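Construct the entire structure; sequences and hints are all you get.
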Amino acid sequence: GSLGVVEVEDIADLADVCTHLIYAFAGVNEITGDILITDSTADLCPEDEGGAAWWHCGYKDFTNLKNGHFSLKTLIAVGGMGTNTTFSKISADDTLRGNFVNSVVPFLREHNFDGLDMDWEFPAGEADKANFVMLLSELATVLHGEGLLLTAAVPVGISTINSGYDVPAMSEHVDLIHVMAYDFHGTWSPLTHHNAPLYKSDIDLDATLTTDYAIHYWLNEGAPADKLVLGLPMYGRCWRLDDPSKHGVGAPGTVGPNGAYSREPGQLFYSEICKQQKNNKWTIVNDEYMQVPYAYCLTWNNTWCGYDHEESIANKAEYAHNLGLRGVMAWAVDQDDVHKECGTQNFPLTRKAREAFNTPLTTTSTTTPTTTPKPTPEITTPTVTTTTTPTTTPTPTPETSTPSVTTPTTPPTTTFTTTASPTTSESNTGTPTSQETTTILSTTSTKATTSDQPETSTATTTEFSSSTSASSSITTTKTPPSASSTPISSTTTTESVSSSSSITSTLSSTEETTSSGPSFLIPPRGGCCFCYVVAAFLLMLLTNY
33 GSLGVVEVED IADLADVCTH LIYAFAGVNE ITGDILITDS TADLCPEDEG GAAWWHCGYK
93 DFTNLKNGHF SLKTLIAVGG MGTNTTFSKI SADDTLRGNF VNSVVPFLRE HNFDGLDMDW
153 EFPAGEADKA NFVMLLSELA TVLHGEGLLL TAAVPVGIST INSGYDVPAM SEHVDLIHVM
213 AYDFHGTWSP LTHHNAPLYK SDIDLDATLT TDYAIHYWLN EGAPADKLVL GLPMYGRCWR
273 LDDPSKHGVG APGTVGPNGA YSREPGQLFY SEICKQQKNN KWTIVNDEYM QVPYAYCLTW
333 NNTWCGYDHE ESIANKAEYA HNLGLRGVMA WAVDQDDVHK ECGTQNFPLT RKAREAFNTP
393 LTTTSTTTPT TTPKPTPEIT TPTVTTTTTP TTTPTPTPET STPSVTTPTT PPTTTFTTTA
453 SPTTSESNTG TPTSQETTTI LSTTSTKATT SDQPETSTAT TTEFSSSTSA SSSITTTKTP
513 PSASSTPISS TTTTESVSSS SSITSTLSST EETTSSGPSF LIPPRGGCCF CYVVAAFLLM
573 LLTNY
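Counting with the numbering used here, you get residues 33 to 577 for the letters of the sequence shown.
These aren't lab readings, by the way, just hints derived from the structure by calculation. Be a bit skeptical, because a hint or two may be false.
To be verified - Heads up, simulated DMTMM-like pairs for lysine to aspartate or glutamate below, C-alpha to C-alpha not over 25 Å straight-line:
| # | residue 1 | residue 2 |
| --- | --- | --- |
| 1 | Lys121 | Asp66 |
| 2 | Lys372 | Glu296 |
| 3 | Lys98 | Asp198 |
| 4 | Lys92 | Asp80 |
| 5 | Lys372 | Asp42 |
| 6 | Lys313 | Asp275 |
| 7 | Lys92 | Asp48 |
| 8 | Lys121 | Asp48 |
| 9 | Lys121 | Glu158 |
| 10 | Lys98 | Glu158 |
| 11 | Lys161 | Glu62 |
| 12 | Lys98 | Glu142 |
| 13 | Lys372 | Asp45 |
| 14 | Lys161 | Asp258 |
| 15 | Lys92 | Glu41 |
| 16 | Lys92 | Asp126 |
| 17 | Lys372 | Asp93 |
| 18 | Lys92 | Asp125 |
| 19 | Lys92 | Glu142 |
| 20 | Lys278 | Glu253 |
| 21 | Lys372 | Glu41 |
| 22 | Lys310 | Asp42 |
| 23 | Lys372 | Asp48 |
| 24 | Lys98 | Glu79 |
| 25 | Lys372 | Asp71 |
| 26 | Lys98 | Glu296 |
| 27 | Lys98 | Asp80 |
| 28 | Lys313 | Glu387 |
| 29 | Lys98 | Glu62 |
| 30 | Lys121 | Asp71 |
Claimed, not checked - Beta-carbon label-pair distances, calculated as ranges:
| # | residue 1 | residue 2 | range |
| --- | --- | --- | --- |
| 31 | Asn134 | Ala74 | 24 to 30 Å |
| 32 | Asp125 | Ala74 | 26 to 32 Å |
| 33 | Pro297 | Ile63 | 31 to 37 Å |
Computed from a prediction, not measured in an experiment: that's the story for all the values here. Don't be surprised by glycine CBs; every beta carbon is placed ideally from N, CA and C.
Encoded structure:
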């Protein structure tokens, strides 16, 4: 496809990167309960019944990516944002639920998919909670009986989880649980914050709106680690600063711009962010509390974005690996730098996730596991002092504080500061393990995984451009007091002055398979990379398949 447009052919390289590709989304007929095609022009071919010359053959081209890649699995997601009432109605009615379940296998066989990703956003209340388990149980019976996969996409909002998910029961029936660890914060709030922080910021009163807390919550509620897949966003959430002099986390702002392709105000794909950083003066802050970057540009409408770049993606992938999770996923790969507009390689975030998740462990936890309680919010108010050192890259300082959750984890080994999980005490030794990756593609443009904030589309791309056009650079290191529990942050300012010179910025910062499923579908435990393709969007996951 052309720049900014992503066709299935543009993601062909991911067949060598990912283990699973997920196409999003199919829909459901509310009257009959049957699974159905949502966009014939995108999904079917000109030669199909009712077809026309401009139809795109999405399903066929997508599943044909398996040609020559015999271990690759292609799935289709059903549902997506705004499907709460549809699935609530169908799952509660024996006839409609039966029709849906019985229609799935013929649909998958007709279009050559290897499984179904259930994306009910979101069950709510005791009736939905029980009916969702019943629906998954019946789907698992027919799908696993046919050698097909069943996965589920789930939220990170604690009240949403408590309201709609019987975690131990649902975990019995699905092969993978895709934790949509993004949209913790967004422009529904008048204050800037990060889309997907790994840990809490220095201004947060507790850690509930973080990736680490959400993953531990799912674990503590009974989800097996080897079925959990950590979601990685390929997009950022953006504000317009009310006051340019206030540009940190928690600064007042209004809804930020949309991109030419993201189109949703307050959301930019990584591909759009990295191009902006090449062409304008951006200050990039590598927050060592949250262990993710944010950036602001006072020459582009005072725009502020919390997003993920290669280093933070790698850090999260290593975090998932070290926790023993099944893998990581990306929402969505079409938001990555598909056409190499910012670097020399396509899909840099997706590739980095696979690489990092499959990196042998360099540290192991020496924590003795005990009964795992529910996460207890950590309250910390660190103070920092700032020193400026031109063109230097800060050295991460490991955090040695003892958090409150007892689930053992191992600090990741990236350029980000390795801070302990809010619920873990650990020390580092070395024990490498090998893993393989799985990627899922999805064809929907809207997939929301929020905290308890409004569920909105998260199909933006958030990728950090490690090479930005500039004639000068300044790296500022915020050095905290001597307390070893306080992380370090770095700030890099890039200014577009001359296209002939460039600067590379390094950030310091530090979200399945069922035992009942057919074993030949599940690769040996290793790294899995899942990618969602949404109509023209792609999502990637890395898991321990």
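Hint by hint, here is what the structure shows:
About 13 Å separates the Cα atoms of Lys121 and Asp66, which keeps this hinted pair within 25 Å; it holds. Note on Lys372 and Glu296: the hinted pairing holds, with a Cα-Cα distance of about 23 Å set against a maximum of 25 Å. Taking the CA atoms of Lys98 and Asp198, the gap is near 34 Å; set against the 25 Å cutoff, the hint is violated. Taken as a hint, the Lys92 and Asp80 pair is honoured in the structure, with Cα atoms around 11 Å apart against an allowance of 25 Å.
Among the hinted pairs, Lys372 with Asp42 is consistent with the structure: their alpha-carbon atoms are about 11 Å apart, no more than 25 Å. Simply put, Lys313 and Asp275 have alpha-carbon atoms about 17 Å apart, close enough for the 25 Å limit, and the pair holds. Using a Cα cut-off of 25 Å, the hinted pair Lys92 and Asp48 holds, with the two alpha carbons roughly 18 Å apart. Distance hint between Lys121 and Asp48 is unfulfilled; the C-alpha atoms sit about 40 Å from each other, more than 25 Å.
A C-alpha spacing of about 14 Å is found between Lys121 and Glu158, which places the hinted pair at or below 25 Å, so the restraint holds. Proposed proximity of Lys98 and Glu158 is contradicted: the alpha carbons are some 40 Å apart, above 25 Å. For a cut-off of 25 Å, the pair hint linking Lys161 to Glu62 stands: about 19 Å separates their Cα positions. Taking the CA atoms of Lys98 and Glu142, the gap is about 16 Å. The hint holds against a cut of 25 Å.
Annotation: proposed proximity of Lys372 to Asp45 holds, straight-line Cα distance about 13 Å (limit 25 Å). For the hint linking Lys161 to Asp258, the alpha-carbon distance of about 23 Å falls within 25 Å, and the restraint holds. Distance check on the hinted pair: Lys92 and Glu41 sit about 11 Å apart at the alpha-carbon level, within 25 Å; holds. For the hint pairing Lys92 with Asp126, the CA-to-CA distance comes to about 32 Å; that exceeds 25 Å, so the pair is violated.
For the hint linking Lys372 to Asp93, the alpha-carbon distance of about 22 Å falls within 25 Å, and the restraint holds. A hinted pair counts as satisfied when its Cα atoms are at most 25 Å apart, and Lys92 with Asp125 does not qualify at roughly 33 Å. For the suggested pair Lys92 and Glu142, the alpha carbons sit about 10 Å apart, so the restraint of at most 25 Å is met. Between Lys278 and Glu253, the direct Cα distance comes to roughly 39 Å. Violation of the 25 Å bound is thereby established for this hinted pair.
A C-alpha spacing of about 15 Å is found between Lys372 and Glu41, which places the hinted pair at or below 25 Å, so the restraint holds. With a CA separation close to 23 Å, the supplied pair Lys310 and Asp42 stays within the 25 Å bound. A hinted pair counts as satisfied when its Cα atoms are at most 25 Å apart, and Lys372 with Asp48 qualifies at roughly 17 Å. For the hint linking Lys98 to Glu79, the alpha-carbon distance of about 22 Å falls within 25 Å, and the restraint holds.
Only pairs whose Cα atoms come within 25 Å are accepted, and Lys372 paired with Asp71 is rejected, the gap being roughly 29 Å. Distance hint between Lys98 and Glu296 is unfulfilled; the C-alpha atoms sit about 32 Å from each other, more than 25 Å. Taking the CA atoms of Lys98 and Asp80, the gap is about 21 Å. The hint holds against a cut of 25 Å. Pair hint Lys313 plus Glu387 does not hold up; C-alpha atoms about 30 Å apart against a cutoff of 25 Å.
Our distance criterion of 25 Å between C-alpha atoms is broken by Lys98 and Glu62, whose separation comes to about 32 Å. Our distance criterion of 25 Å between C-alpha atoms is met by Lys121 and Asp71, whose separation comes to about 23 Å. Judged by the Cβ atoms, the range 24 to 30 Å given for Asn134 and Ala74 holds: they are separated by roughly 26 Å. The hinted range of 26 to 32 Å is satisfied by Asp125 and Ala74, whose Cβ atoms lie roughly 30 Å apart.
Look at Pro297 against Ile63: about 34 Å separates their beta carbons, and that is inside 31 to 37 Å.
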